[in-house]
Amino acid sequence: MRVGVITFPGTLDDRDAARAVVVGGAEAVSLWHGDADLKSVDAVVLPGGFSYGDYLRCGAISRFAPVMQLVIEAANKGMPVLGICNGFQVLCESHLLPGALTRNADLHFLCRDQEIQIVNNSTPWTNSFKQGEQIVIPLKNGEGSFQCDDQTLAMLEGEGRVIARYVGENPNGSRNLIAGITNAKGNVVGLMPHPEHAINELTGPSAQGLGFFTSILNAMVK
Amino acid sequence: MALDTVAIAQTTPDNSQPFAELGLKPDEYARIKEILGRRPTSSELAMYSVMWSEHCSYKSSKVHLKQFGEKASKSDALLVGIGENAGVVDVGQGYAVTFKIESHNHPSFVEPYQGAATGIGGIVRDILTMGARPIAVMDPLRFGPADAPDTRRVLPGIIAGIGGYGNCLGLPNIGGEVTFDETYAGNPLVNALCVGVMKHSDIKLAKAAGAGNLVVLYGAKTGGDGIGGVSVLASETFGAGGSTKRPSVQVGDPFVEKVLIECSLEIFAEDLVVGIQDLGGAGLSCATSELASGGSGGMKVQLDKVPLRDPSLSPEEILMSESQERMCAIVEPNKIARFLDICKKWDVTVTVIGEVTDGKHLEITWNGELIVDVPPRTVAHDGPVYNRPLAQPEYINQVNSQRVNVPIPVTAAEIKAAVLKLAAAPNLADKSWVTSQYDKYVQGNTIQSQPDDSGMVRIDETTHLGVAISTDANANWSYLNPYQGAKLALAEAARNIATAGARPLAVTNCLNFGSPEDPGVMWQFAESVRGLADGCLEMGLPVTGGNVSFYNQTGSVAILPTPVIGVLGVIQDVRTRTPMSFIQAGLDLYLLGETHEDLAGSEWAFLHNQRVGQSPDADLQREMRLIELLLEGNSFFAAAHDLSQGGLSAGLTEMVLRHKVGVTITLDNAGIGLISETPGRVLVAIDPSHAARLESLASKHLIAITKLGTTGGDSLTINDAVILLSELSTAHTSTFPKLFG
Amino acid sequence: MAKIVVDVMLKPEILDPQGNAVADALPRLGFKFATSVRQGKRFEIEIDGEPTPAQLAEVEKAAEVLLSNPVIENYVVRVEK
Chain F
985 MRVGVITFPG TLDDRDAARA VVVGGAEAVS LWHGDADLKS VDAVVLPGGF SYGDYLRCGA
1045 ISRFAPVMQL VIEAANKGMP VLGICNGFQV LCESHLLPGA LTRNADLHFL CRDQEIQIVN
1105 NSTPWTNSFK QGEQIVIPLK NGEGSFQCDD QTLAMLEGEG RVIARYVGEN PNGSRNLIAG
1165 ITNAKGNVVG LMPHPEHAIN ELTGPSAQGL GFFTSILNAM VK
Chain W
3 MALDTVAIAQ TTPDNSQPFA ELGLKPDEYA RIKEILGRRP TSSELAMYSV MWSEHCSYKS
63 SKVHLKQFGE KASKSDALLV GIGENAGVVD VGQGYAVTFK IESHNHPSFV EPYQGAATGI
123 GGIVRDILTM GARPIAVMDP LRFGPADAPD TRRVLPGIIA GIGGYGNCLG LPNIGGEVTF
183 DETYAGNPLV NALCVGVMKH SDIKLAKAAG AGNLVVLYGA KTGGDGIGGV SVLASETFGA
243 GGSTKRPSVQ VGDPFVEKVL IECSLEIFAE DLVVGIQDLG GAGLSCATSE LASGGSGGMK
303 VQLDKVPLRD PSLSPEEILM SESQERMCAI VEPNKIARFL DICKKWDVTV TVIGEVTDGK
363 HLEITWNGEL IVDVPPRTVA HDGPVYNRPL AQPEYINQVN SQRVNVPIPV TAAEIKAAVL
423 KLAAAPNLAD KSWVTSQYDK YVQGNTIQSQ PDDSGMVRID ETTHLGVAIS TDANANWSYL
483 NPYQGAKLAL AEAARNIATA GARPLAVTNC LNFGSPEDPG VMWQFAESVR GLADGCLEMG
543 LPVTGGNVSF YNQTGSVAIL PTPVIGVLGV IQDVRTRTPM SFIQAGLDLY LLGETHEDLA
603 GSEWAFLHNQ RVGQSPDADL QREMRLIELL LEGNSFFAAA HDLSQGGLSA GLTEMVLRHK
663 VGVTITLDNA GIGLISETPG RVLVAIDPSH AARLESLASK HLIAITKLGT TGGDSLTIND
723 AVILLSELST AHTSTFPKLF G
Chain R
7 MAKIVVDVML KPEILDPQGN AVADALPRLG FKFATSVRQG KRFEIEIDGE PTPAQLAEVE
67 KAAEVLLSNP VIENYVVRVE K
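Chains as they are written, first to last, in our numbering: chain F, 985 to 1206; chain W, 3 to 743; chain R, 7 to 87.
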């Protein structure tokens, strides 16, 4: 099982995502933004960071990278894609996911151990969680407020496309405490908090983030 | 435009030059003329003036700082000592770690966000330029009174700047300090530390060796950042109406630096550079003269090749520019193609601007005309050395002869009130408001970060080798006794490393003082350096480098002497580290070390406006025995936490609130016991089955030991004072949100 | 040479915390005139000569695809005299 991890200029958590992929049991394949080459991977992770320094808007420039053209095509054909934090922002700018991520409501960058609830465990990235399972993984961003219009919100909720919600106080002003969503096909997932930083208790608040990276193996086995 | 060239300078010896406006004394100007055998060109004048400034030449501190080299115990671990961009130590398994702390105080007062941001940028580049991947940052910060309007102006901007730049670079912030004192009103201290790791073979030095090798400038384009006073030369050259606006503040772009880091590390991995230097203070002037000095001395630079953001810059301004995110490398001709390729991959601007020669001079041309022709050592290293007068200030005897006059809590109600008061004090309160603006997770190797005693990072994912770092200072003690204050800060930082089970290995320092032209301040500085040097010798810890920041004062009032000491240590396996606090009930809680009535310089005294008394005396032999005890006990300690500001009261508060598990203790002479700040004390929690083992260790290392009580419950109970954790938590965590929103 | 300006603002229904922060800060400084403040971005694009309709159409397209995020932002293109 080969999982591609994309590096854009300014990407920060690519090595951490690759580590999580490996600990989860797959092979991590490094993908360069400038190469239109997915190297025959079975799934793709867009990691966190500040690609292009968050110039213009987070993910706005990364979205036009040569590799993204292939990611969009592959995603439309059903390839599993996980966008974490900045990766989620790139997926929204690419229109693979609806809505947009905006500035945290209190204007501060926020790094905290965040409790979230997995509310859709049918995607290739969440199938190893129990429906409704609560986990603690790091949240660390300045632009994590998920926004969309009422129609989009109704659609996401109505179609069960919210995959994770913040538990407790809303950390950033996201509508309906949305921490992660999926597309209509269910293969593209965007998640604001960072599961790759919760793969063991030595370096993270828990090992509960690993589920995202073991799920993808289950999905491939099927 | 009249370009001032060497040829012109030779024929116009009597031209008046604005050396005083550039900060040079008449005798220094005369010396430059003597060195060159003629008057300097305006470019040369600009170079000498900035490189001979206090900030770059350390002219007031050199005579004192050489003690670090003279009094250093021979340490096999020291791979690169003082004099390079940062010190490097061997941490085992073929790894070398480089770390350094620097100040960016004045710019942060002017423009808090950018001042702090570029402070981080600068120290990170210093680490990168040694050949290392930067792996973490720390930020000891000091502000005026917490509730002062100007603090509300500078603090949020500084925190946002450190976070904004450091987070975007992908560097976890693993610790720091936030201290408030009216002494820093008008002079906030922004000290930034960076640590990096590499293999021994990767170490890079700043030397231009090998005639024919190329001088390559890469990174951001050059603009008019930070030129400041040099613009007086520009107007000289341009005449009226020539110059555009020159920003006095440096503006950083962390994205450019992140890309610079990745590009540089790829370049290093392919062994493409002979020498490298980052462009920090004094920009190109510094980089070229230092690189040339580090080599055989000969270098030719074509200044007109420097890529510019602002085409109106004069040569003098280009030489002085402090535009951020730039590096200068020496590259062999057969490697330049690959070097350029890697820069292209990362979209980094790169230009060959010169070459190393076998001459003895640094020669800089502008469109073919020679505008600088100097022996580089005279610019970079042979600056003036001052032996400034020093005199013990009158206040010393006055304060040392007075006794601290503070109320001592006695009754249960008073004890409880004192604990809550200390818990809520801005200097001791929970700092999550600050630290939650920093990414502590990126790179996935952070083992400890705020509020732990030290920051700890794993450097090998297979062997779990790790390093721990702590930065500490106690300006109150340094004020009362600068010699002891420096030793005590050193001891505290080393102790903070040892509580987690790491062995202290090396030292860096950031010395923040007032004006060196004030003999009293100079005395404080000299005593602090003497104390630190003596302390390092006694403890066998080499000083690997550091930074001096003078002129931190408002008018004639200097800040309290604030030497910040950073200690780095090594832990063989981070999985064996001792955490700062406990999660189980039923553990025994002990206090290691004796408590005396040490109230002078304490937080309790500070809260009662008492700034008199005598500081404790550092007992470094005892501190070293305590460190050995901590390292040996690491294998069975459940938790260990250093006591410092706020004494036992703060230590207990921090321990119980970490995981919300209380303690019940009995304490004789509880009032003094809780508020005293006797150094050399640690709280330790152990499973009761290890009691004999602990007592035996204590007796082996001759450390006093007192059993305080047991862990568990939902309160901090001291004798009959019961403080619910919920109440304690509210007091501890409300302060910062209330102050800063 | 002409200057084309593209003003980008968040859609009215989108939370604008930066605008709110400014609105809160104004009265603290004694400025009481504002009932609300919204913060946006302004792009100044220089072109040679006077803008043709074709060029303006291109700028509109660029505004739609890159300069703004149509999910949350509106834009207005105008030529500055």
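Be a bit skeptical, because a hint or two may be false.
[Said to hold, decoys possible] Label pairs and their computed distance ranges (CB to CB):
| no. | chain 1 | residue 1 | chain 2 | residue 2 | range |
| --- | --- | --- | --- | --- | --- |
| 1 | W | 272 | F | 1023 | 21 to 31 Å |
| 2 | W | 702 | F | 1116 | 49 to 59 Å |
| 3 | R | 48 | W | 521 | 51 to 61 Å |
Bear in mind the hints are in silico, worked out from the structure with no lab data behind them.
Just so it is clear, CB atoms sit at the ideal spot from N, CA and C, and this is done for glycine as well.
For this session: Given the range 21 to 31 Å, decide if the beta-carbon distance of residue 272 (chain W) to residue 1023 (chain F) lies inside it.
Result: holds (23 Å)
For this session: Confirm or reject the claim that residue 702 (chain W) and residue 1116 (chain F) have a C-beta distance inside 49 to 59 Å.
Result: holds (54 Å)
For this session: Note whether the CB distance of residue 48 (chain R) and residue 521 (chain W) lies within 51 to 61 Å or breaks it.
Result: holds (55 Å)
Hint check: no violations occur; every hint is consistent with the structure.
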